[in-house]
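Protein sequences, first through last, are from chains A and B.
Note that our numbering has the first sequence beginning at 1, numbered continuously upward.
Note that our numbering has the second sequence beginning at 204, numbered continuously upward.
Mixed in with the good hints there might be a few duds.
Away from chain A, derived, C-beta distances all over 12 Å, residues of chain B [as the list claims (entries may be wrong)]:
#1 D227
#2 A231
#3 R245
#4 K247
#5 W250
#6 N255
#7 H277
#8 T280
#9 G281
#10 P286
#11 E303
Partial list, computed: chain B residues near chain A (C-beta under 10 Å) [said to hold, decoys possible]:
#12 R234
#13 P253
#14 R254
#15 D257
#16 E259
#17 K279
#18 I284
#19 K304
#20 N309
#21 K311
#22 C318
The hints are simulated quantities; they were obtained by calculation from the structure and are not laboratory data.
The structure presented is a predicted model; accordingly, all values stated were derived computationally and were not measured.
Think of the CB as a built atom: it goes at the ideal place given N, C-alpha and C, for glycine as much as any other residue.
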Amino acid sequence: MEKTLLILISLMLGLTASVALLAGHDEREQGDYHEYRESEHDDDDDDDRRGWLRRIASGSETEQYRYRGQDPAFGTYSNECGDCHMAYPPDMLAKESWRGLMANLEDHFGDNAELDAATAGEIGSFLERHAARTTGEARTSQHARITETRWFRAQHHEIPARMVKKNPGVKSFSRCEACHTRAAAGRFNEHDVRIPGYGYWDD
Amino acid sequence: MNKPGLIMIFLMTPLSFASANEIDSLLAGYRNDGAAEFSAVRGKLIWTTPRNIDGEQRACSSCHTADPVASGKHVKTGKPIEPIAASANPERFTDAAKTEKWFRRNCKWTLGRECTAQEKGDLLTWLGGQRE
Chain A
1 MEKTLLILIS LMLGLTASVA LLAGHDEREQ GDYHEYRESE HDDDDDDDRR
51 GWLRRIASGS ETEQYRYRGQ DPAFGTYSNE CGDCHMAYPP DMLAKESWRG
101 LMANLEDHFG DNAELDAATA GEIGSFLERH AARTTGEART SQHARITETR
151 WFRAQHHEIP ARMVKKNPGV KSFSRCEACH TRAAAGRFNE HDVRIPGYGY
201 WDD
Chain B
204 MNKPGLIMIF LMTPLSFASA NEIDSLLAGY RNDGAAEFSA VRGKLIWTTP
254 RNIDGEQRAC SSCHTADPVA SGKHVKTGKP IEPIAASANP ERFTDAAKTE
304 KWFRRNCKWT LGRECTAQEK GDLLTWLGGQ RE
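Required output: the full structure, derived from the provided sequences and hints.
See below:
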């Protein structure tokens with residue numbers, strides 16, 4: 001009887017310790033989304049398992065967004081930009097790219113997205129505060145579009161045009177949320193992908 | 204009539220009034236800016252006329268569809284757009300700054316220039332008369 005109790009207690013202690021460790025790991029990732037993205041690159045099942053445990057540890061699916069959500073300009077960013085398209089994670093482009101984009105809202109990839117100066121200023125500084133750190137992905141600064149970055153292309157090069165551009169349920173790679181079912185919560189894990197008309201994606 | 208139905212009507216009434224008042228105050232503002240009487244017929248014509256801008260055929264209906272009470276879809280991003288008519292979407296035109304922001308953007312995209320006070324008033328007059 002006493003032995004069973006001892007085993008139970010040590011099991012519980014072990015579980016608490018691993019949850020705490022995972023939570024610590026999670027905080028490090030929040031600080032470096034690029035490391036997280038690179039670790040996603042290996043496409044193994046460990047990633048999924050870790051994600052699953054992490055969800056239990058944090059009790060939330062929005063951990064990657066939390067640090068941005070605390071920024072007072074987050075609401076302005078997601079309201080203004082999210083009116084027309086998903087409010088993309090700011091760390092998917094470099095500071096220089098965001099700066100160029102915000103300076104040219106009148107011709108925003110063929111659309112007029114102009115804002116008053118105060119709102120544009122607030123959003124511009126928000127994007128630069130949370131932009132990709134160019135050290136990890138220097139080439140992003142050349143690109144105006146997330147879909148042109150080396151990182152994005154490496155992640156999506158296997159996906160045929162019929163599933164995206166020619167797929168009426170998707171139409172463009174810019175519509176992250178069309179396939180990444182948890183994109184709104186900042187989650188782009190491959191295991192959450194459901195391509196309209198095709199379903200699960202597994203490479 | 205059943206009770207939930209009555210409650211729904213009671214809840215929705217102030218919203219539709221708010222929207223009508225907001226449209227009225229926008230129209231008053233356009234009159235102050237020099238617009239004459241507004242015409243729903245002219246408003247409809249602005250809405251339905253396609254124009255050639257930057258080598259593309261563009262119209263309000265490119266994104267909002269020809270029917271203002273229907274849901275639209277952004278022509279490029281595919282993002283769903285709530286109906287533009289206040290009768291189908293009580294939030295429409297309740298925020299004057301938002302209305303002006305979108306007039307500025309969308310007139311420039313669709314007409315290649317900003318809309319005049321007269322044109323905005325004509326459009327709102329036509330849209331205000333659209334019912335589901």
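Hints, one by one, checked against the model:
The claim that B/D227 is not at the interface with chain A holds, since no C-beta of that chain comes within 12 Å of its own (minimum 25 Å). Every C-beta of chain A lies more than 12 Å from that of B/A231, the closest at about 23 Å, which supports listing it as non-interface. Taking the minimum C-beta to C-beta distance to chain A, about 23 Å, the non-interface status of B/R245 holds against the 12 Å cut. Listed as a non-interface residue, B/K247 keeps its Cβ farther than 12 Å from every Cβ of chain A; the least gap is roughly 23 Å.
With a least CB separation of 18 Å from chain A, B/W250 remains clear of the 12 Å interface cut-off, as annotated. Under the 12 Å C-beta cut-off, the non-interface status given to B/N255 relative to chain A holds; the minimum distance is some 15 Å. Once the 12 Å rule is applied to beta carbons, B/H277 is inconsistent with being away from chain A; the minimum gap is 6 Å. A cut-off of 12 Å between C-beta atoms contradicts the statement that B/T280 is not in contact with chain A; the least separation is 5 Å.
Not every CB of chain A lies more than 12 Å from the CB of B/G281, the least distance being 5 Å, so the non-interface label is violated. Even its closest Cβ contact with chain A, about 15 Å, leaves B/P286 beyond 12 Å, as expected for a residue assigned away from the interface. Distance check on B/E303: its Cβ comes as close as 10 Å (rounded) to a Cβ of chain A, failing to clear the 12 Å threshold; non-interface status is violated. Residue-level restraint check for B/R234 is violated (minimum Cβ-Cβ distance to chain A is 24 Å; threshold 10 Å).
Among the interface hints, the one on B/P253 is violated; its C-beta lies about 17 Å from the nearest C-beta in chain A, farther than the 10 Å criterion. Because the beta carbon of B/R254 sits about 14 Å from the nearest beta carbon in chain A, more than 10 Å, this interface hint is broken. Annotation: B/D257 was flagged as interfacial toward chain A, and the flag holds, the nearest CB pair being 7 Å apart, inside 10 Å. Taken as an interface hint, B/E259 checks out: its beta carbon lies about 8 Å from the nearest beta carbon of chain A, inside 10 Å.
The beta carbon of B/K279 is positioned within 10 Å of a beta carbon in chain A (closest approach about 7 Å), and the interface hint is therefore held. Proximity of B/I284 to chain A holds as hinted, the smallest CB-CB distance being about 9 Å (cut-off 10 Å). At about 7 Å, the closest approach between the beta carbon of B/K304 and any beta carbon in chain A falls short of 10 Å, and the interface hint on this residue holds. With 10 Å as the threshold, the beta carbon of B/N309 comes within range of chain A, its nearest partner Cβ sitting at about 7 Å, so the hint holds.
This hint holds: B/K311 has a C-beta 5 Å from the nearest C-beta of chain A, less than the 10 Å allowed. Below 10 Å, beta-carbon pairs count as interface contacts, and B/C318 has none with chain A, the closest being about 13 Å; its hint is therefore violated.
Of the hints listed earlier, those the structure fails to meet are numbers 7, 8, 9, 11, 12, 13, 14 and 22, in rising order.
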